[in-house]
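Numbering (the working numbering), first residue to last: 5 to 177.
Don't read these hints as lab results, they were simulated from the structure.
Mixed in with the good hints there might be a few duds.
[Stated by the list, open to error] Pairwise CB distance ranges (calculated):
{"id": "1", "residue 1": "36", "residue 2": "143", "range": "21 to 27 Å"}
{"id": "2", "residue 1": "72", "residue 2": "107", "range": "33 to 39 Å"}
{"id": "3", "residue 1": "37", "residue 2": "143", "range": "30 to 36 Å"}
{"id": "4", "residue 1": "130", "residue 2": "83", "range": "37 to 43 Å"}
{"id": "5", "residue 1": "105", "residue 2": "164", "range": "35 to 41 Å"}
{"id": "6", "residue 1": "106", "residue 2": "50", "range": "27 to 33 Å"}
{"id": "7", "residue 1": "36", "residue 2": "142", "range": "29 to 35 Å"}
{"id": "8", "residue 1": "54", "residue 2": "74", "range": "28 to 34 Å"}
{"id": "9", "residue 1": "61", "residue 2": "131", "range": "33 to 39 Å"}
{"id": "10", "residue 1": "33", "residue 2": "142", "range": "34 to 40 Å"}
{"id": "11", "residue 1": "160", "residue 2": "82", "range": "31 to 37 Å"}
{"id": "12", "residue 1": "73", "residue 2": "164", "range": "17 to 23 Å"}
{"id": "13", "residue 1": "73", "residue 2": "155", "range": "23 to 29 Å"}
Even glycine gets a Cβ: it sits at the ideal position worked out from N, Cα and C.
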Amino acid sequence: MLRRAFLGLLALSMSLVGVQVLADAPAAAAPRIVYYDASRAGEFATNFAQAAQIWNSSVTNVRLQAGSPATVVIYVDSGWPRAYVTGLGSGRIYMGRQAVNQGYNRTRIATHEWGHILGLPDRRTGLCSDLMSGSSAPVSCANANPSAAERARVDQLFAGSATPAPAGVYAWS
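With the sequences and hints as input, model every part of the structure.
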(Lines of atoms letter the chains of each structure in order from A; the text may use other names.)
(Lines give C-alpha, C1' and ligand atoms only; values in the text may rest on other atoms or scores of the structure.)
Protein backbone atom coordinates (compact mmCIF):
# COMPACT_ATOMS: atom_id res chain seq x y z
CA MET A 5 0.00 0.00 0.00
CA LEU A 6 2.84 2.36 0.81
CA ARG A 7 4.41 1.56 -2.55
CA ARG A 8 1.15 2.28 -4.39
CA ALA A 9 0.75 5.62 -2.59
CA PHE A 10 4.35 6.55 -3.41
CA LEU A 11 3.88 5.77 -7.12
CA GLY A 12 0.63 7.75 -7.18
CA LEU A 13 2.30 10.78 -5.56
CA LEU A 14 5.25 10.48 -7.95
CA ALA A 15 2.93 10.43 -10.99
CA LEU A 16 0.94 13.39 -9.64
CA SER A 17 4.05 15.45 -8.88
CA MET A 18 5.55 14.72 -12.32
CA SER A 19 2.37 15.87 -14.04
CA LEU A 20 2.30 19.06 -11.93
CA VAL A 21 5.84 20.03 -12.99
CA GLY A 22 5.17 19.32 -16.66
CA VAL A 23 7.06 16.08 -17.20
CA GLN A 24 5.69 14.43 -20.30
CA VAL A 25 6.26 11.09 -21.90
CA LEU A 26 8.40 11.55 -25.00
CA ALA A 27 6.79 10.65 -28.31
CA ASP A 28 8.41 10.04 -31.67
CA ALA A 29 9.38 13.22 -33.49
CA PRO A 30 7.06 14.09 -36.39
CA ALA A 31 8.26 12.89 -39.76
CA ALA A 32 9.78 15.47 -42.11
CA ALA A 33 7.42 16.73 -44.79
CA ALA A 34 7.73 14.94 -48.10
CA PRO A 35 9.40 16.99 -50.84
CA ARG A 36 7.17 18.63 -53.42
CA ILE A 37 7.39 16.83 -56.77
CA VAL A 38 7.72 19.04 -59.85
CA TYR A 39 6.95 17.01 -62.96
CA TYR A 40 8.56 17.98 -66.24
CA ASP A 41 8.34 17.06 -69.91
CA ALA A 42 11.65 17.10 -71.80
CA SER A 43 10.30 15.34 -74.89
CA ARG A 44 10.74 18.59 -76.87
CA ALA A 45 14.26 19.29 -75.60
CA GLY A 46 15.94 17.60 -78.57
CA GLU A 47 19.64 16.94 -78.16
CA PHE A 48 19.55 18.61 -74.73
CA ALA A 49 17.17 16.13 -73.01
CA THR A 50 20.12 14.38 -71.34
CA ASN A 51 21.46 17.70 -70.04
CA PHE A 52 18.12 18.51 -68.44
CA ALA A 53 17.97 15.06 -66.85
CA GLN A 54 21.49 15.66 -65.46
CA ALA A 55 20.48 19.12 -64.24
CA ALA A 56 17.39 17.68 -62.52
CA GLN A 57 19.62 15.14 -60.78
CA ILE A 58 21.99 17.90 -59.66
CA TRP A 59 19.10 19.81 -58.07
CA ASN A 60 17.65 16.60 -56.57
CA SER A 61 20.95 15.82 -54.87
CA SER A 62 21.36 19.43 -53.70
CA VAL A 63 18.01 20.24 -52.06
CA THR A 64 15.52 18.40 -49.88
CA ASN A 65 12.17 20.18 -50.22
CA VAL A 66 11.60 19.65 -53.94
CA ARG A 67 12.19 16.84 -56.45
CA LEU A 68 12.32 17.27 -60.22
CA GLN A 69 10.86 14.26 -61.97
CA ALA A 70 10.09 13.49 -65.59
CA GLY A 71 6.43 12.63 -65.85
CA SER A 72 2.89 13.79 -65.91
CA PRO A 73 1.10 16.03 -65.23
CA ALA A 74 4.02 18.22 -66.24
CA THR A 75 4.10 21.74 -64.86
CA VAL A 76 7.37 22.42 -66.70
CA VAL A 77 7.87 21.85 -70.42
CA ILE A 78 11.33 22.10 -71.97
CA TYR A 79 11.88 23.17 -75.58
CA VAL A 80 14.86 23.79 -77.84
CA ASP A 81 15.30 26.60 -80.36
CA SER A 82 18.01 28.71 -81.97
CA GLY A 83 17.81 31.69 -79.55
CA TRP A 84 19.32 32.28 -76.13
CA PRO A 85 18.37 29.96 -73.26
CA ARG A 86 15.52 31.36 -71.21
CA ALA A 87 12.80 30.45 -68.75
CA TYR A 88 9.22 31.69 -68.70
CA VAL A 89 8.22 31.24 -65.07
CA THR A 90 4.48 31.11 -64.38
CA GLY A 91 4.78 30.19 -60.70
CA LEU A 92 7.01 28.38 -58.24
CA GLY A 93 7.76 25.06 -59.92
CA SER A 94 5.98 25.83 -63.18
CA GLY A 95 6.74 27.37 -66.55
CA ARG A 96 8.56 26.78 -69.83
CA ILE A 97 12.27 26.48 -70.47
CA TYR A 98 13.89 27.08 -73.84
CA MET A 99 17.36 25.69 -74.38
CA GLY A 100 18.65 28.10 -76.97
CA ARG A 101 21.44 26.84 -79.18
CA GLN A 102 23.02 30.31 -79.41
CA ALA A 103 24.74 30.02 -76.00
CA VAL A 104 25.87 26.47 -76.71
CA ASN A 105 27.27 27.56 -80.07
CA GLN A 106 29.26 30.25 -78.24
CA GLY A 107 30.80 27.59 -76.00
CA TYR A 108 28.73 27.75 -72.80
CA ASN A 109 28.38 24.46 -70.93
CA ARG A 110 25.11 22.66 -71.71
CA THR A 111 24.52 21.20 -68.26
CA ARG A 112 25.35 24.48 -66.53
CA ILE A 113 22.77 26.22 -68.72
CA ALA A 114 20.14 23.56 -67.99
CA THR A 115 20.78 23.68 -64.24
CA HIS A 116 20.68 27.50 -64.32
CA GLU A 117 17.34 27.52 -66.15
CA TRP A 118 15.95 25.01 -63.64
CA GLY A 119 17.03 27.50 -60.98
CA HIS A 120 14.57 30.04 -62.38
CA ILE A 121 11.73 27.51 -62.28
CA LEU A 122 12.70 26.84 -58.65
CA GLY A 123 12.37 30.52 -57.81
CA LEU A 124 15.86 31.95 -58.26
CA PRO A 125 16.52 35.19 -60.16
CA ASP A 126 19.63 35.95 -62.19
CA ARG A 127 22.58 37.16 -60.10
CA ARG A 128 25.14 38.52 -62.53
CA THR A 129 28.10 38.23 -60.18
CA GLY A 130 30.47 36.96 -62.87
CA LEU A 131 31.53 34.15 -60.53
CA CYS A 132 31.69 30.60 -61.85
CA SER A 133 30.81 29.37 -58.34
CA ASP A 134 27.41 31.12 -58.57
CA LEU A 135 25.14 29.05 -60.78
CA MET A 136 22.71 31.92 -61.18
CA SER A 137 25.45 34.22 -62.51
CA GLY A 138 24.60 32.71 -65.90
CA SER A 139 26.42 34.17 -68.87
CA SER A 140 28.23 36.75 -66.73
CA ALA A 141 30.58 33.92 -65.71
CA PRO A 142 33.34 33.07 -68.20
CA VAL A 143 32.39 30.92 -71.19
CA SER A 144 34.89 28.35 -69.87
CA CYS A 145 32.86 27.90 -66.65
CA ALA A 146 31.50 24.36 -66.44
CA ASN A 147 30.25 24.47 -62.83
CA ALA A 148 26.69 23.15 -62.89
CA ASN A 149 26.24 22.99 -59.11
CA PRO A 150 24.23 25.54 -57.15
CA SER A 151 26.05 27.39 -54.39
CA ALA A 152 25.17 26.84 -50.73
CA ALA A 153 23.13 30.07 -50.74
CA GLU A 154 21.24 29.01 -53.88
CA ARG A 155 20.49 25.58 -52.41
CA ALA A 156 19.30 27.11 -49.15
CA ARG A 157 17.04 29.59 -50.95
CA VAL A 158 15.33 26.85 -53.00
CA ASP A 159 14.78 24.75 -49.88
CA GLN A 160 13.39 27.82 -48.12
CA LEU A 161 11.03 28.59 -51.00
CA PHE A 162 9.71 25.04 -51.18
CA ALA A 163 9.28 24.88 -47.42
CA GLY A 164 6.73 27.63 -47.92
CA SER A 165 8.56 30.10 -45.69
CA ALA A 166 9.59 32.66 -48.29
CA THR A 167 8.22 34.63 -51.21
CA PRO A 168 9.56 33.37 -54.55
CA ALA A 169 10.98 35.55 -57.27
CA PRO A 170 8.18 36.96 -59.40
CA ALA A 171 6.90 35.14 -62.44
CA GLY A 172 8.51 36.42 -65.60
CA VAL A 173 11.05 35.81 -68.30
CA TYR A 174 14.66 35.05 -67.43
CA ALA A 175 17.08 34.99 -70.37
CA TRP A 176 20.62 33.61 -70.34
CA SER A 177 22.17 36.54 -72.25
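Here is how each hint holds up against the structure:
1. 36 x 143: 21 to 27 Å: violated, 34 Å
2. 72 x 107: 33 to 39 Å: holds, 35 Å
3. 37 x 143: 30 to 36 Å: holds, 34 Å
4. 130 x 83: 37 to 43 Å: violated, 23 Å
5. 105 x 164: 35 to 41 Å: Holds: the Cβ-Cβ distance is about 40 Å, inside 35 to 41 Å.
6. 106 x 50: 27 to 33 Å: For residue 106 and residue 50 the Cβ distance comes to about 20 Å; the hint is violated.
7. 36 x 142: 29 to 35 Å: Holds, since residue 36 and residue 142 (Cβ atoms, about 34 Å apart) stay within the stated range.
8. 54 x 74: 28 to 34 Å: For residue 74 against residue 54, whose Cβ atoms are near 18 Å apart, the range 28 to 34 Å is violated.
9. 61 x 131: 33 to 39 Å: violated, 21 Å
10. 33 x 142: 34 to 40 Å: holds, 39 Å
11. 160 x 82: 31 to 37 Å: holds, 36 Å
12. 73 x 164: 17 to 23 Å: holds, 21 Å
13. 73 x 155: 23 to 29 Å: holds, 26 Å
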